[in-house]
Every structure is written in C-alpha cells, then in structure tokens.
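Protein chains in written order, with numbering that gives the first Met the number 0: chain A, 0 to 547; chain B, 0 to 318.
Source of the hints: derived by calculation from the structure; they are not laboratory data.
If you're wondering where the values come from, they're calculated on a predicted model, not measured in any experiment.
We put the beta carbon where it would ideally sit given N, CA and C, even for glycine.
Errors might be hidden in some of the hints.
Here are some chain B residues pointing at chain A (derived, C-beta under 8 Å) [to be verified]:
#1 Gly31
#2 Asp32
#3 Gly35
#4 Ser43
#5 Thr46
#6 Ala49
#7 Ala93
#8 Val151
#9 Pro162
#10 Thr163
#11 Gly164
#12 Ala169
#13 Val261
#14 Leu273
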Amino acid sequence: MATDKDNAEKAHGLDRRQFLTASAGLALVGGPALSAFLAACGGGGTSSGRGGTLVYAMEISDLPSLDAQTSLSQGSTLAQAIQPMFEGLTMYDRHRDDVVPPAVGVLAESWTLSDGGKTWTWKLRPNVTFHDGTPWNADAAIWNFQRLYDPKSPQYFLLAYQLMSIYMPGPITAMTKVDDLTFTMTTDIARPLNEELEALWMVSPDAVKKLGNDGFGLAPVGTGGMKFSKLVPGQQFEMVPYDKYWGPAYKLDKVIVRPIGDATARINALVSGEIDLAVELPADGLAPLKSAGKTVLTSVRPHTWEFIFNTKQPPFNNKLVRQALNYAIDRDGLSNNILKGTAIPMTQLAIPNSEWFDDGLAPYTYDPTKAKKMLADAGFPNGFDTEWWTATNGSGELQPVPMAEYIQSNLKDIKVNVKLKTFEWTAYLGEFFKSAQPGIGAMQISYGWSWTYWWGLLFSTEYLPPKGPLNNGHYTNTAIDPLYDAALGESDTAKRATLVKQIQKIVWDDAPYLFCVHGLNVRGLNPKVQGFINAKEWQFQFQTIYKT
Amino acid sequence: MLSYAARRVVLLVPVLLGATVVVFGLIHLIPGDPAGALLGPTSSDATRAAFRHDLGLDQPLPIQYGVWLWHVLHLDLGISIARRQPVISIVWEAFQHTLLLAAVAALLANVVGLFLGIVAATRQFGIADRAAMGFAALATAIPSYWLGLILVVLLALKVQIFPTGGMTSAIDGGSPFDIFWHLVLPAMAAGAAPAGIVARTVRASVLEVLRLDFVQALRARGFSESTILFRHIVPNAFPTILTVMGLQAGYLLGGVAFVEVVFSWPGIGNLLFLSIGQRDYPVILGVMLFVSFVFVLLNLAVDLMHAALDPRVRTSVAA
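Modelling step: build the complete structure from the supplied sequences, incorporating the hints.
Rendered as structure tokens:
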C-alpha cells in the first residue's frame, strides 16, 4: 500500500514535504486558510503543468439528475463526479493528503457563533458568481437553505430534503439576512454546522427558477471552477473550466464523466486506456491494472465494516461474549487474504490520522485461546449456535459474503457456529431498517463516518430503534449521552475530538459490534494523470489534476 | 388474410393486459422498497414513510395497479423515482440503443445461422456438417455474458482492437463508425446463441424438405443441385425458419440485457438491471411493458409474414 502511494507520488512529481509545509496550520482555522493554501499551491514549481481532457468513470450504471442537492441518493459517487461544478459554505479540504481532511470555509469566508452555539453568522466570500452570471450572496444562500428546509417556501424541494436529511439532521429554525454578504442561521440545539453542511452544495436560484427542479438536473449551475457543458443522456456529461471562477483555475481543459457500474468493466476500460481515472476498484482487479502499467493508489477514509450484535438477546447481551468474539477474528487475514490489501484491520472505530484517533486505545488482537477462555468465563465453554445476516453487495460493502465466510471459519475455531443468511442489498436494507429481530445474532453493515453527530445516531440512547435505524443492535449505555451532547455543542475542534474519544473508549470496551475492517479508497489512474492528491476521504478534488 | 390479421390484433389485447398484471405482480413480490434503496441505510423511518406516501406506495396493490394502468392507457408511464424524468423518454432513449444492438446481433445471427445450416444440411454427416453443428451447439450453450467477457479479454485487452465497453468513445465519439466499432463485440456476444439456434433449425427444416419426393423428381429431371436448393428447398423450408428467426429476434430484445451490463451498453437491459437495484418501480414496469409489447408485436409480425408466405396457415385458422 505505502509503496504504491510513494511510487505514484514520485511518478507525478508531487513533493510531499513542500506540500505539507504549504498546508501546515490548516487544521486550526476555516476559510482564510484555504485561500492562503491554494495560493501557495499555485506558486509551486511542480504544479505548473496544465491542460488535457480527463475521462472519469463513476461507479454507477446510469446518469441520474445532476442537481447537487439530490446527488447524495447515490452515496458520494455522483457528488464526487459533479464536485467540480459545486461548492458549499464549507467543504473538506481535499487538497491535502496528510490527515483526514478538515472542513474549511469555501463559499463562506468565515463564521462566528453566538447564542451558546445555536446561531451561526456566516460571512460569505465576495465576488463569487454562479456559472449563469448571477451573484452568490446572502439571498442566494438563504434561498438554497429554504429549498431544503422550509416547506413554506415556493422552492421547497421535498425529494432533496429527503435525500439530504441525513446530512443535515437538525432543523434550521430561523435565517436572517444581515447584509449582502452576511446571514445568520439558528438551529434548535448547538451543533457543528461547519462540518455538517460540507455536503450541502449551492445551486443557482435563477437557474432552478428557469429550468425547474427536473430541468436543472439536466443542466446544473453552481459556483465551482468547472461549469457544465454537455450531456449525452445515459452515457456521459462534460465539464469545462469556468473563466470567472473566484479560486485557482482548474488545470484540465475538460472533464468527461461516464457511468460504468460494473467494477470489472471499469478495470477493463482503465487497462485499455478508454478512461483515465476510476475509483472503488475491487481487490481482484488490481493485478491486471498494475501489469498494464496503471497507477493504483490506496488511502484510508472514514469507513467501518462490522457486524452489529443484537445486544437485546442472549448470548450477545453479555459483554464478555461480545469481547470474546472480537478476540477471535483474524483482521489481518481478512484485510490481506480476502481483500488483498484494499482494507486495513479495524484497531478502533476512528481511522488513523483522523482527529478522533486515540493513541491510547488498545486494539482487539487475534487471540483464539483468550477468546475461548472468555467464552468459558461467560458460561459458554462449548460455544453456541447463532444466525447472522449480511447483504451480498451494496454501497461500501466490499465483498460481504467471502468476508462473512472467513469470519464464520474464524468463529468455528472457538466453537461458535454461525449460520449465514444473505440478501441482495435493497432487500437487505429493508430487513436492516426493522432493526435486529429476535433470532438474529448479528447484522452486517458498513458506515461512512464524517460527522460528530454520527456518534449520537449510532450510540446515544436518544436514537434507539425505532427512532434511529442505525443503532440496529439496540446498544444502550447511558454514560454516552452526556458526552455526546457535550461534543455536539462544543465549537472547539480539539475539545470536541477529546469528547468523541471518550465515547469511542466506552463503545470499544462494550463491543456492541464485531469490529472488522476499514475499507480503503482504491483509485486507478492512467499514468498521464498528474497532480492527483490522494485524499484520505471518500472524495478527491479535480482542481490540481492535469494530463501530460 | 385481412380477417386473419384483424383477429390476431384483437387477441393482443388480453395478452397485453395479462402481461401488465404479471409484470406488476412480480415486481411487488421482490422484497425491499424504493425508499430504502434511494434514501440509504442512514435515513429515518419517518423520512422513508413520507417518501413512500409521496409516491403512492402506501396504497393497497390493486389500487396502485389500477392507477398505474389508467395512466398507461393514457400513454403516461409515470416519473422515474430515481431520475425524476418521465419514464417514457428514459425507456424510449434506452430502447433505441437496445434495438440497434439487437438488430445488428440478429442480422449477424441470421446470416451466420443460415449459412451454417444450409452448409450442414447439404453435407449431412460430413465434416462440414459436424463442424457447423459443433459450433452451433457451443454457441447456443455458452452464456452470453461469459462470451462477452472472453471477447473483451481477447479482442479489447490482449489485442487492443475493439473498445471494452460503452456505445461511443468518451472523447469526440458518436460518429457512425465509432458506434459500429463499439457494436462489434457486444453484437458477437449477443448474436452467438441465436446463430446456433437458427443454424440448427435451418439444417433440420432443409433436411426435412430434402427428403420429400418432389426433390427426387427435380433431380430426376436434371436440375442442378444449386437450383434445387435455392429455388425449391430453401423457399419451402423458409416459413419454419422465419418463425424461429422472429422468436430469436424477440428474445434478443430482452436477452441482450446481460451483454448490455457486461459492455456498459446504455440500453434497456442495463436500465432494467439498475432500476431493479433501486426498486424504481415505474421504470421497471415501463421497461417490462415495453419489452413484452415489442415481443408480442414481433410475434404478430412473424405470424402475419408466415401466413403471407404459406397459404395453409391462413386457411387453417380462418376455417
């Protein structure tokens, strides 16, 4: 993994040290840092190249609506592809690859908090225009949030709200324009909006009014460095640089996005040179890519793959049993034998290099003897039989069936006989939403973790089923609730991270999950693609990319 | 002939109505719901319930069916849940791409099948016969998606002659030649099985005619073998062959689905595959309805041509 990455960096001449220097200090503050960083980057010697047409393959089989505010119906797949055209108040700074990118100000230059963190005053970036020439200002910002939040506004778009609701869990109770470039936003409770709003990208009010919601999806207009130029229905769409972009110019002359849902087809197209860049490549496809001289990059991202124990029912209502099973599985084998290095063992819920990673937390090792002893102590010297459910495919699911079978064989060694029941993804989700029913020992799922409130949705008793679907196994520990509430209301990033680490410590010890692996980003590149920054996040950015 | 045609057209109505019931019922038998598929594992129960209500999915099935049928009768197939575009335009767009692929595959299948069948029949039990029939058996037995993958490995990756997938090149694509270049491999993969079936049918029906007395009589009168074959035997065998060709063309329209997925061909098979994953009911219904409609119409066309070619068919039905 490290070797691929290092080679790739050498290949496209990215000077890592120079890069890190340029981005130092970025984690601390929001808006101003980004422009300073971008300016530094633009002056660098290695980034002087530009031009070229990049063909990027999305991992879906179709071109859905290109509206940024419905794009998350496809996970981050479509958002990644339309990202050059759109920006939010804040976004993850995917120009850096040293740490999990923090959210920084983009269309907001800065913000201040008042009213105990419930009121956010956003100072917007001046001299920004949408691709249709209309200005970005407080009116446009409020219009956008009303489209998502305010059922009484004419532009309210229910589908967008439904699709985005997970990315904006708290209601906005009031919005007020202060001046042309300032507005305030009030929420019911204090929450870290700068990270929660990073996936909400702004669309041109004028264009939506003219085209309607459905028409806008066929000809999207945002503020990003590239603008929409062409759509071939079902086949591809194209973007070209926007010459009045406020930030550093995109280096590519054109980006063409094609939907290629089948992973093997993506690998083949990359090998034959029909496309330049593809992500979400399966472990089995990496060897052909490398032997065809293509670049393969892996990087961590906030992803976890686990079985959620049904903590309501015996035997998994017993913490000792849950811990014992966590000592019984070979996470290295899972990562390297089954997933061929496209995943890393889960040593804690937070991924390495993230602000939540706790150096003091001990991982569950692979120790079947210890596991057996713990099981005996828990009253199961002869093991037990249990039924576990998993999907056969799905978003972020890696290769669920071979992985589950590997785990099954591990657990057989400690006399825990797992009967696996498998479902196609959509059917599985239907079952998953019902939360773990009696008779089900554990249900498999994978999650992407990017926000503080995630810890609440998963572990706070406030979100127990049926209210929250994510705490599938009915895990309850009331010690977490005050920590979560404090974390959500904490505006200081470092202090917030400390609180999250405390939640994680409790969860890690309680072991409501069979913690398995973190899936990695697997990105395949034509070697002619330069300036690619392998961000430790689900998405990467296109701005620095060019082709030789 | 006209009354025969009219009778057949009237019979289409119950057939198509039956198809809508089966299609509608089958789709709602698949577990899982579109709200879950679209809103994802992180959506709340309330959001999903509102989403279902919005689409009328909380109504009882017979009512949903009635509403849907009423709209279909007004040529309104509804709006795609996932894409928010009219189903009719999505399906029509994709159908044209499928039609192109199916037509080229059918042409390939029929030409190759006819040739192999005639060669095999006229050299019964000879080496050519065995080779042709061996090929036909293989072509029929190999799954099209597997053949597609093998063709990609051989002719797009090992020897980079053809593209690995898609209908056009990403950069400056879309010219007729570009589309043809992208068509070759999927058409071969989709056309192989029908080619085998056509070859076997042609062989069997030509052999059947060959055994008839009039062929002996023609030979006795000194006609050349080629005249006997092309002026007398093939035309007599043709009605049966035509039926099989028509059926194969119908199967191709639905059956290129696997090939479309392997080659990322933007046709209805790919659309169906995707829509089932998303439980995008209006699109699934639209595609299935469209395919059954076309299949039935194609059958009708074949039957009518059969009747036109063979007077016995229309008299026996009319009587």
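Output the indices of the hints that this structure fails to meet, ascending. none
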